[in-house]
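Peer 1: Each chain, written out:
There are 2 protein chains.
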Amino acid sequence: MYINLDLEATEPIYTQLKNQIIAGIARKEILPGEGLPSVRSLAADIGINLHTVNKAYQQLKQEGFILIHRQKGVVVHPDGVPKADSDHIKQLKHILHPLIAESVCRDISEKEFIQLCKGLYREFQEEEGGEE
Amino acid sequence: MYINLDLEATEPIYTQLKNQIIAGIARKEILPGEGLPSVRSLAADIGINLHTVNKAYQQLKQEGFILIHRQKGVVVHPDGVPKADSDHIKQLKHILHPLIAESVCRDISEKEFIQLCKGLYREFQEEEGGEE
Numbered sequence: 005m006y007i008n009l010d011l012e013a014t015e016p017i018y019t020q021l022k023n024q025i026i027a028g029i030a031r032k033e034i035l036p037g038e039g040l041p042s043v044r045s046l047a048a049d050i051g052i053n054l055h056t057v058n059k060a061y062q063q064l065k066q067e068g069f070i071l072i073h074r075q076k077g078v079v080v081h082p083d084g085v086p087k088a089d090s091d092h093i094k095q096l097k098h099i100l101h102p103l104i105a106e107s108v109c110r111d112i113s114e115k116e117f118i119q120l121c122k123g124l125y126r127e128f129q130e131e132e133g134g135e136e
Numbered sequence: 005m006y007i008n009l010d011l012e013a014t015e016p017i018y019t020q021l022k023n024q025i026i027a028g029i030a031r032k033e034i035l036p037g038e039g040l041p042s043v044r045s046l047a048a049d050i051g052i053n054l055h056t057v058n059k060a061y062q063q064l065k066q067e068g069f070i071l072i073h074r075q076k077g078v079v080v081h082p083d084g085v086p087k088a089d090s091d092h093i094k095q096l097k098h099i100l101h102p103l104i105a106e107s108v109c110r111d112i113s114e115k116e117f118i119q120l121c122k123g124l125y126r127e128f129q130e131e132e133g134g135e136e
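Residue numbers (our numbering), protein chains in the order written: chain Y, 5 to 136; chain U, 5 to 136.
Treat each hint with caution, since some may be false.
If chains are identical, the list can't say which one is meant, so a pair holds when it fits in one copy or spans any two.
With a straight-line Cα cutoff of 30 Å, these simulated DSBU-like cross-link-like pairs (lysine-lysine) come out [stated by the list, open to error]:
| id | residue 1 | residue 2 |
| --- | --- | --- |
| 1 | Lys115 | Lys65 |
| 2 | Lys94 | Lys115 |
| 3 | Lys65 | Lys32 |
| 4 | Lys87 | Lys32 |
| 5 | Lys76 | Lys94 |
| 6 | Lys76 | Lys122 |
| 7 | Lys59 | Lys76 |
| 8 | Lys94 | Lys122 |
| 9 | Lys65 | Lys97 |
| 10 | Lys97 | Lys76 |
| 11 | Lys115 | Lys59 |
| 12 | Lys87 | Lys65 |
| 13 | Lys97 | Lys115 |
| 14 | Lys87 | Lys76 |
| 15 | Lys115 | Lys76 |
| 16 | Lys32 | Lys76 |
| 17 | Lys76 | Lys65 |
| 18 | Lys32 | Lys59 |
| 19 | Lys59 | Lys87 |
Hints in this document: simulated from the structure, not taken from any laboratory. As the structure is a prediction and not an experimental result, all values here were calculated from the model.
Input sequences plus hints: build the corresponding full structure.
Peer 2: Right, here's the structure in full:
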């Protein structure tokens, strides 16, 4: 998986790193049980602080994407990422609500918004299809 | 417009306040040119810090939702909120991308995700219809 960080962006580096790993899992570039680089080696490879990598990994662990073994190191959760439960759906709605409120204010129609989402879903489906 | 803040939530109060004002504009509960309470009176009314209200108002101003006049006070932008341009759409995609990546990982289908978005859009349309 290729990690591409924008060190000039306002978005924190650990968030960028976390999101790219999640995208890699969504695209099945990294599969359940597969290893990720250690904190130390990933930090050295991309030239960022150990703590930044650690923060991304800790959040990914908390959210069920990865396991951090003392011996086996960092692996994508072998049982797969936990499926969305009703709490997760509630949280997702809570995040989408202000995005859609702002979109309504800025005259982005429901149709346009849905097209954007469909386009993004397609990105993950295409990658999946391509690899199988 | 009714402001309902959750002081126990992890989401910053200024973000909650900002999002609720945007939602109020989206629902046309507050119209272009209409006044909002001053920083001082809103802070007193909801019992939060002046700086919290000020931070929310400053961000709303920067993003084109409101104007802050020395004399007229705080008003919803009389020309309406600026329409989404290509930069805004790019930014929206950037926010939706990790949400959709995570949804793919957590087995939320495209159809389910689209249904969620449609449900949220409906909230704003119903309110609009109800007031006219």
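Peer 1: Give me the numbers of the hints this structure contradicts, sorted from smallest to largest.
Peer 2: Structure breaks hints 5, 6, 10, 11, 15.
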